[in-house]
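Could you build all of it, start to finish, from the sequences and the hints given here?
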Amino acid sequence: MCKEFLGSSVGRKAVVGVTGFILFGFVVVHTLGNLQIFLGRDPLNAYAYKLQSLPWLLWPARVFLLAVLLVHLWISLWLAVENRRARPTPYVFKDTVQATLASRTMVMTGLIILLFIVYHLLHFTFGATNPEFFHLTDAKGRHDVYAMVVLSYRNYWISGTYLLAMFFLCLHLSHGVSSIPQSLGWNDERWDPLFKWAGRAAALVIFMGNSSMPLAAVVGILK
Amino acid sequence: MNFRLKIWRQRSAEDRGRMAEYPVKDVSPDMSFLEMLDVLNEDLTQKGEEPLAFEHDCREGICGACSLMINGIAHGPERAATACQLHMRHFKDGDTLTVEPWRAKAFPVLRDLVVDRSALDRIVQAGGFISVNTGSAPEANGLLISKETSEKAMEAAACIGCGACVASCKNASAMLFTAAKVSHLALLPQGQPERAARVKKMIARMDEEGFGNCTNQYECEAVCPKEISVSFIARMNREYLKAQST
Amino acid sequence: MAEALDAKTPSGPLEAKWDKRRFELKLVNPANKRKFEIIVVGTGLAGASAAASLAELGYGVRVFCFQDSPRRAHSIAAQGGINAAKNYQNDGDSVWRLFYDTVKGGDFRSREANVYRLAQISSGIIDQCAAQGVPFAREYGGHLANRSFGGAQVSRTFYAQGQTGQQLLLGAYQALCRQIALGRVEMRPRAEMLDLVTVNGHAKGIVVRDLVTGKIVSYSADAVVLATGGYANVFYLSTNAKGCNVTAIYRAYKKGAFFANPCFTQIHPTCIPVTGEYQSKLTLMSESLRNDGRVWVPRVKGDKRSPHEIPEAERDYFLERKYPSFGNLAPRDIASRSAKEVCEEGKGVGKSGRGVYLDFAEAIRQVGAEGIRERYGNLFDMYAKITAENPYQTPMRIYPAAHYTMGGLWVDYHLMSNLPGLFVIGEANFSDHGANRLGASALMQGLADGYFILPYTIGDYLASTGKRKPETDHPEFKKAEEEAGGRIRKLLAVKGKRTVDSFHRQLGALMWETCGMSRNEAGLKKALQEIPVLREEFWKNVKVLGEGAQLNQALEHAGRAADFLEFAEILCHDALHRRESCGGHFRQEHQTAEGEALRDDENFCYAAAWEFQGIGRPPVLHQEPLAFEHVKLSQRSYR
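Chains as they are written, first to last, in this note's numbering: chain A, 572 to 794; chain B, 95 to 340; chain C, 2 to 640.
Worth flagging that the hints you see were computed from the coordinates, not collected in a lab. Incorrect hints may appear among the rest.
[Said to hold, decoys possible] Computed cross-link-like contacts, DSS-like style, restricted to lysine-lysine with a CA-CA straight-line distance of at most 27 Å:
#1 B:K264 <-> B:K241
#2 C:K36 <-> C:K470
#3 C:K633 <-> C:K105
#4 B:K141 <-> C:K544
#5 C:K105 <-> C:K18
#6 C:K541 <-> B:K141
#7 B:K119 <-> C:K386
#8 A:K574 <-> B:K119
#9 C:K255 <-> B:K141
#10 C:K470 <-> C:K541
#11 C:K479 <-> C:K491
#12 A:K767 <-> B:K119
#13 C:K498 <-> C:K479
#14 B:K199 <-> A:K574
#15 C:K216 <-> B:K199
#16 A:K665 <-> B:K264
#17 C:K633 <-> B:K141
#18 B:K199 <-> B:K264
#19 C:K21 <-> C:K527
#20 C:K255 <-> C:K216
#21 C:K544 <-> B:K119
In this text, all values refer to a predicted model and were calculated from it rather than measured experimentally.
This is the structure in structure tokens:
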């Protein structure tokens, strides 16, 4: 059954939908967690410390998310390759009636997000790109996540990179999230406008939430 | 009205093909797009050049034969219309019009603008029917079907099998075509016994034929001459996932 | 004159004839069925339903159509509906009433026993189609809905929006697809029949051209079924699809099958008028529009005011005036001819003056625009699309157009032609509609033939003759292949100056003028003189480019036009010989004082079946006398 399911276009689309939904869920939680930066240094560092002190939760979660990400990536690329093969001769005159920019650039935005994830991990998780901000500790001797983030974001190149990445994430989510109910067969004519609206709204909220942090650091709200 | 046409010419399936340019003059705004091509063909024949091959039959928007990509849009700019119902009044005098065949791996070009769409027939052959032999039908009013259900089924059944959905889809996917038939039959009580098997077989066949996958861009819906809704695709996805999980 | 044709109608009371015959028919042993091969040409309602049903019975079936898919056959374009004597509306319908209406509507030129059988079978067709999933219109309670249609005074028409033909065809196509998947039907699309092959007088195969490769190939079988539709495209401008042609049945005619009543052609009253020289076809608007629309023209000749400016008193609702009891619902031939007459009086509307108004203003006042949209939404949209006028505000303009042909190959009660083994079903045969077909009866007849008649009667032929399928290397096949190939080479070799279309248009215009809605001796004689001249020019001056061994649409059209150029003569010949008016055949010399069709039952109460004698030579007439034992011959009156 699994072979038939994964072999079918509809089955694979469902997998992309489910994995996308999980990744979207992670992005929401991750954003909410990070937004604690606006509560100040102590709550954020305490939150980070708490997470680090739960390795039995953290590591399975990390492994799970990585697996989900890889499945999402693998299946999406597989579909994308098939899609290219399905039209070997392109049209001379190309036009689009109602497909959104977001929907037409999913593979590109997805790959950009992948690159960003690698950078983001190197930056904040492994401390490889800016070690000077990574080894700071706060007054309670905890890893000073707050300082690491704020100091990093004061660098225009870094905050610019994050803003740009969030723009692509937003584009990706705006199509991806509203597609989930379609791919999983929950959609119908009554709900379609709501799902479309909700997908775009969610993407925009994520964008605003995540970009508020580098912007706040740049303009000096976060010190 | 006068136009400049850029048209795909290809002598046979084996030929590589190329775009050719032709002027057409004195076109009446009341002509259909196909009648304009008729005029071009009369011209070409008079000049000793082989006329353009293009598919057409009923010329009233129901047989599904016509299959022209006009300026990058399947069946041209007029919504809810096939190319045979598209009239020249929708274009501006002096326009350049690019006319191409449906492009998809599953729709090989046979000549000029004529493609082989038999893949769609094979999808129906895989299960797009209700297995009832002639003679074994019960009294028609013995089976009550609500007006809403019947009308919904009719919306899906209105598909004319032209393939514009495939042609316009960025991925050359046949999801809308397949979904329309799956939904039509799944909605009706007559279609219940084969419901699960049908959707599995039809999707398997669709995939084998080399169509692409749906990425929910809904270009198909925008060009469908019968305005078949993509909600039928969601319905088919639902049918499929349900069928796989039982 | 040759001896009278025997239709092999069963004896006994009318109601019991079909039952009796079904019992008399020889059966093919189920185990033997798969040893018989049957060829079906055409995949419209008749062809697809027959092929599917035959395959279900176990026969080996090979099916051909010239379109790229069997689903595109022109049955798909039928809009209005399908009749059946279900009496669901409790309005007094019955098998007998449907039979009576059909015989009377056909102006007493159909075969009573066939029509009665058709009415008997009609109910089963609806059951079959509903079981296939045809989404017929329903009432809120879930029961099937009906409407009254085309002059019927009971509501017996079943419909699926304005796409009844499409939905019924898809039902039959899906049944066919199922048999293809089971391997019992071999489907050959893009294949055009070019000749019928007879061996020892029996139809045993066909020669086809593969329209993609141009190859000419023979197929043999135990029996051949032609379901290739009608010949209305002899008029060039008609509501038929561009590909509709007479070739298959005309070729069979040339091989000895009799062609019956070719002059019975139907002109449909509600089509969108011609707009220009380039016009390639005419679009029909369902006749159901006449249920709510009122037909009128200005009272005064040459009144060029817009319809809104013409006050009620200056309008002539000519159908209501002339036919008070039926009014706008008068039968097709009457409505068409009346429109032609008022246009000839100079009262026609639109640029060309060839049009009359079909006005919905009153209906919109009564039920509202929404109510009208619900009933005819898709038709109104189609009209608006084609004409760029809004029919909710401005009355539609309509004009009659050639639409359906009641004539066709002669068949007996078994639907077998005079050539044993050649069966002809649907519009391609002649039998059930007489001189005029009622609305919503074509779908009924096609499916009755295909689902419920042919599958039984063909078995009788097969059981009686046994297995006699020849091989395709038989000399008759070789001869037919060579002829077909030779004709194609000849068409390509002319290399003249005129396009095929120009010849076809010229023929069509001539036929419409002399042999269209009304006919007279002088006109028909003129046509009979001009057709051979045009045909001669065609073969000297036609220009067909390209090669035979490729997809070549001009060549396909050339072959079909060449056959029309021969066939048109038979049509005119028949029209000239029938010195009476009946149904769709209106001879100006034969009309009542009020201008109604005047039949001559004394001399013409027969089906005229013509036998080929050579191109350009008058065919020989065979008569099948028609006896009306159950419906009294009477002057049709719709006043």
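Verification of the hints:
Simply put, K264 (chain B) and K241 (chain B) have alpha-carbon atoms about 36 Å apart, too far for the 27 Å limit, and the pair is violated. For the proposed pair K36 (chain C) and K470 (chain C), the alpha carbon gap of about 10 Å is at most 27 Å, so the pair holds. Under the criterion of a C-alpha separation no larger than 27 Å, the hint pairing K633 (chain C) with K105 (chain C) is consistent with the structure, at around 9 Å. As the CA atoms of K141 (chain B) and K544 (chain C) are separated by approximately 11 Å, the hinted pair is consistent with the 27 Å bound.
About 20 Å separates the Cα atoms of K105 (chain C) and K18 (chain C), which keeps this hinted pair within 27 Å; it holds. Taken as a hint, the K541 (chain C) and K141 (chain B) pair is honoured in the structure, with Cα atoms around 18 Å apart against an allowance of 27 Å. For the hint pairing K119 (chain B) with K386 (chain C), the CA-to-CA distance comes to about 23 Å; that is within 27 Å, so the pair holds. Among the hinted pairs, K574 (chain A) with K119 (chain B) is inconsistent with the structure: their alpha-carbon atoms are about 58 Å apart, more than 27 Å.
For the suggested pair K255 (chain C) and K141 (chain B), the alpha carbons sit about 36 Å apart, so the restraint of at most 27 Å is broken. The straight-line distance between the Cα atoms of K470 (chain C) and K541 (chain C) is roughly 39 Å, outside the 27 Å bound, and the hint therefore fails. Restraint check: the Cα-Cα separation between K479 (chain C) and K491 (chain C) comes to about 18 Å, which is no more than 27 Å; the hinted pair holds. At most 27 Å may separate the alpha-carbon atoms for a hinted pair to count; K767 (chain A) and K119 (chain B) exceed this at roughly 46 Å.
Distance check on the hinted pair: K498 (chain C) and K479 (chain C) sit about 33 Å apart at the alpha-carbon level, beyond 27 Å; violated. Between the alpha carbons of K199 (chain B) and K574 (chain A) the distance comes to roughly 24 Å, so the proposed pair stays at or under 27 Å and holds. As the CA atoms of K216 (chain C) and K199 (chain B) are separated by approximately 25 Å, the hinted pair is consistent with the 27 Å bound. The hinted pair formed by K665 (chain A) and K264 (chain B) meets the criterion: a straight-line CA distance of about 10 Å does not exceed 27 Å.
Taken as a hint, the K633 (chain C) and K141 (chain B) pair is broken in the structure, with Cα atoms around 61 Å apart against an allowance of 27 Å. Distance check on the hinted pair: K199 (chain B) and K264 (chain B) sit about 12 Å apart at the alpha-carbon level, within 27 Å; holds. About 48 Å separates the Cα atoms of K21 (chain C) and K527 (chain C), which puts this hinted pair outside 27 Å; it is violated. Among the hinted pairs, K255 (chain C) with K216 (chain C) is consistent with the structure: their alpha-carbon atoms are about 22 Å apart, no more than 27 Å.
The straight-line distance between the Cα atoms of K544 (chain C) and K119 (chain B) is roughly 22 Å, inside the 27 Å bound, and the hint therefore holds.
In this structure, the earlier hints numbered 1, 8, 9, 10, 12, 13, 17 and 19 are contradicted, and the remaining ones agree with it.
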